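Asks: Residue strings, one per chain:
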Amino acid sequence: MSTTQRILPKGVSEADFDAALARFREILGADSVLTESDQLAAYSKIMMAGDDADYIPSAALLPTTTEHVQEIVRTCNQYKVPIWTISTGKNLGYGSAAPGETGQVMLDMHRMNQILDVDPEVCTALLEPGVTYQQLYDYIKENDLKLWLDPPAPSAIAGPVGNTLDRGVGYTPYGEHFMFQCGMEVVLANGEVIRTGMGGIENSSSWQVFKWGYGPYIDGLFTQSNFGIVTKMGLWLMPEPPAYRPFIIQYQDPEDIEEIVDVLRPLRIAQIIPNAVVIVHTLWDAGTHVVRKDYYDGKESIPREAIERIKADEGIGEWNVYAALYGTPEQIEVNWNIIEQAFGASGKAKIMYGEEAEQRGGGFEYRSALMKGDMNLQEFGLYNWRGGGGSMWFAPVSQAKGSETKDQTELAQQILGKYGFDYVAEYIVGWRDMHHVIDLLYNRQDPEETKRAHDCFAELIDEFAKRGYGLYRTNTEFMEQVAGTFGEPLREVHKTLKNALDPNGILSPGKSGIRS
Amino acid sequence: MNLTRRQLMKNSLLLGAAMPLSLGAAWAADSGFADAPVHGPIRLYGADRSTTELGLGLRQQGWAPSYEGRLDPLALNAQPAGTLAAGFTDEAGLVLLTSLLAGRGRVLALGRHEAGHHQLLSHRGPLAAPLAAEAGSWQAALGREYARLALAAGSARQTRDVRRPASEATDATELSFLVRL
Chain A
4 MSTTQRILPK GVSEADFDAA LARFREILGA DSVLTESDQL AAYSKIMMAG DDADYIPSAA
64 LLPTTTEHVQ EIVRTCNQYK VPIWTISTGK NLGYGSAAPG ETGQVMLDMH RMNQILDVDP
124 EVCTALLEPG VTYQQLYDYI KENDLKLWLD PPAPSAIAGP VGNTLDRGVG YTPYGEHFMF
184 QCGMEVVLAN GEVIRTGMGG IENSSSWQVF KWGYGPYIDG LFTQSNFGIV TKMGLWLMPE
244 PPAYRPFIIQ YQDPEDIEEI VDVLRPLRIA QIIPNAVVIV HTLWDAGTHV VRKDYYDGKE
304 SIPREAIERI KADEGIGEWN VYAALYGTPE QIEVNWNIIE QAFGASGKAK IMYGEEAEQR
364 GGGFEYRSAL MKGDMNLQEF GLYNWRGGGG SMWFAPVSQA KGSETKDQTE LAQQILGKYG
424 FDYVAEYIVG WRDMHHVIDL LYNRQDPEET KRAHDCFAEL IDEFAKRGYG LYRTNTEFME
484 QVAGTFGEPL REVHKTLKNA LDPNGILSPG KSGIRS
Chain B
14 MNLTRRQLMK NSLLLGAAMP LSLGAAWAAD SGFADAPVHG PIRLYGADRS TTELGLGLRQ
74 QGWAPSYEGR LDPLALNAQP AGTLAAGFTD EAGLVLLTSL LAGRGRVLAL GRHEAGHHQL
134 LSHRGPLAAP LAAEAGSWQA ALGREYARLA LAAGSARQTR DVRRPASEAT DATELSFLVR
194 L
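Chains as they are written, first to last, in this note's numbering: chain A, 4 to 519; chain B, 14 to 194.
It is possible that some hints are incorrect.
To be verified - Going by beta-carbon spacing under 7 Å, a handful of chain A positions derived as facing chain B:
1. Glu39
2. Phe383
3. Gly392
Stated by the list, open to error - Output of the computed footprint for chain B on chain A, the stretches with three or more beta carbons under 8 Å from beta carbons of chain B:
4. 44-52
5. 92-106
6. 110-121
As the list claims (entries may be wrong) - From the derived model, a few chain A residues whose C-beta atoms are all more than 12 Å from chain B:
7. Asn80
8. Phe213
9. Ile275
10. Lys302
11. Thr331
12. Gly473
13. Glu495
14. Leu504
Treat the hints as calculated values from the structure; they're not laboratory data. Every value quoted in this text rests on a predicted model; they were computed, and no experiment measured them. We put the CB at the ideal spot given by N, CA and C, even for glycine.
Use the sequences and the hints to build the structure in full.
Replies: And the structure:
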C-alpha cells in the first residue's frame, strides 16, 4: 500500500500552502522546514487507538528564537495554516509528537533549548521549551548547584516546559508541576509577545519568584490550551535536602487500597510525607520489567491466579506505596516514627527502607531515583508488557478518600475486564487529590484489538463521568469527548476566549476540545 | 575478516556473549560477496542471531556494519548527523527511538516480524524482496533490502505485508529499523 497523495492543511489550497512553506523557509532556513515523508515519519507515530491516517502532519517547523515563532504565526494567519505545537514531543501516553489532526503543521520547539537562568539562591530557573530534564540536570551537576528537579517518569527525554504546560506531575515534594511554575513569555496568535506575572515590568527581578503579578492571573490560560505559544517559562527548583529516605510499604490484598488511602491522607495533608506518593498496582510494578506472556497469553484480562504468581515471583504486593522523607536526619526520624505507627496499626502493611527495600523486587530502585529527581527511563518497559505498540493513559482524578479510590479501582477493573485489558495502574497522591493513572496497553497491530481499546477508553470516560469522576489530561483522540464531560458552559467560555485570542484558529485546533 | 581489533574489543566489552556476533561477522565477510562495493559504515544494533544475519545482508550489499550491541537510543541520538543505523529492538526501544528522531532524523524503514507475517514500512520506495530465505535467512534478506533502501531516494510511505512460510514458525515478535540521523 502506498501513500502518494500530498497532505495539505485542512481548507488550505496547494498554492497557498506552497507560498506559506516558502515564507517559512525564508524565516527559518530550508533545513528547518521539514516536508519529506521520512522526516515526518516520527511525527506520525501514535500509540493511541486512533487511525494512523488521522494524525499525519503536512510539514514540521523548527524555530530557534521567539522572533521565529512570531513570524511563523503571522504567516499562518496570512495563509490560514494551522500549527500544532510540541516542546520536546515526548507526551507519549497522551498523543506523542503527532498533530491533533492530519494536515496540521508541527511547530516543534525542541531547538529552542536554552537554559536562560538558574538562580541557586532563590532556587528558580528560566527555560525555553526545548530544554529537557536531562539537560537541566546536567547543567545543575556541572555547576555543582545543590538543587533537585522533579521529572515525570520518562524523565531524561521529556522537558519541564511541555510537561508543566500539560499539567503533568512528578514524584518529589514539587510533584504538582504547575504549582511550581512562575512566569511565562507567550507569543499570541497575532504575533505579539506578552510576559505574565511580574514579567511585564521592564528589568523585573521578581519574574521567577512572584507568580501573581497585577490584575487577573492568566498563566493557567496557557496550560492544556491553544491560546498562545509559550516560549519561556520560569519554575521553582527544590533545594537539595541534607538527608533523604525513600521507603516502600507493601499491602497484599486488593481491598487494602481503602486503608492505604485513608492512612495516607492526613499524613500528606499535614506534610508528614511531603512528596507525591505513588500507590502502584502489581501489574504496573512488575510490568516495567516483566512480560505478560510469561504468565498469561490469553486475550482476556490477566487472571487473578497469574497476578498472584507475579506477586510471589517478584516479591511485590498487590499495592506498593512508594514515598520518601526529606530534611535533616532528625526531622526524618521524627516523621518516620509517625509513619510507622500510622501504617503499622492494622498489621497488614510491610514497611521497608534501606537495604531491605533495595533487596525486594519491583521498582524500588527507579522509584527512589525519581523521588529525588534523578533521570530514569525504566517505565518504558511497560510497552513490552503486552507488545504491539498501543498505549493510552486513562487518568481520572479522585479525592484522597479510601472509599472513592476503591470505587474507581473496581469500576476500572470491571470495564477493562469487559474488553479484555489489564488493570496496569497507579495512583499519584497529591495533597488532597489523587491522579488515578491507568496505562491501557494493547496491540495496535491488531485492528480488532485496537477497536476494542478505543471502545474501552470511550466507555471508561463516560462511565467515570457518570459517577462524577473527570480526567485531568487525555490523548488527542479523546480530547473532544473529555471536554464534553465538563459541560457546555465551560466549553463556551473556552470558545469565547479562543475566538478573541485566535480568531483564525491557527493555534493547535482541537487541543483540549477547543476550536474557534 | 574485516572487523578491526578495536571493533572486536568493543563488541566483547559491550556484550557478554559477543562471540556469536563476531563469528557471524567473520562468516559474513567470507561468504562470497567480497567484490561488492563499499558504501560506507552503518551502525548495527541488537544482541542476538537476527542482528548477525541482518549485518550479513548489509555486508553482502556493500555496507560495513559496526556491531554496537543492544540499542541505546540516547547514545544513538548523540551520534553525528548523517549517521546510518539499523538493527533489532523491542517495543520500548522502538518507542524511544522514533520519538527521539522527531525533528532530528529520518525513519527510512521499519519492520515488524511476527508469527505468520512480516509487516514492512518504507519511506524510501517500494519494498521489493519477499524476504525469501533461498539465499540464507529472512534476516539476511531483510539486510539486503535495507541495504538497497539506505541508498534509495526519498519517496512516499509504503507498507507491505509478507506472509512467512510455515517453516519459520515462531511466536516471538522482532522489530527492525533502518534510520538516518
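Asks: Take the hints in turn and mark each one as holding or not.
Replies: Cross-check of the supplied hints:
1. Glu39: holds, 5 Å
2. Phe383: Because about 4 Å separates A/Phe383 from the closest Cβ in chain B, which is inside the 7 Å limit, the hint holds.
3. Gly392: Holds: closest Cβ of chain B sits about 6 Å from A/Gly392, inside 7 Å.
4. 44-52: holds (count 5)
5. 92-106: This one holds; 5 residues, not fewer than the three required, reach chain B with a Cβ under 8 Å.
6. 110-121: holds (count 3)
7. Asn80: holds, 23 Å
8. Phe213: holds, 35 Å
9. Ile275: For A/Ile275, whose nearest Cβ neighbour in chain B is about 36 Å away, the distance exceeds 12 Å, so it holds.
10. Lys302: Its Cβ never comes within 12 Å of chain B, the nearest being 14 Å, so this holds.
11. Thr331: holds, 36 Å
12. Gly473: holds, 28 Å
13. Glu495: About 35 Å separates A/Glu495 from the closest Cβ of chain B, which puts it past 12 Å; holds.
14. Leu504: Consistent with the label, A/Leu504 stays out of reach of chain B, its closest Cβ about 27 Å off (over 12 Å).
The structure agrees with every numbered hint stated previously.
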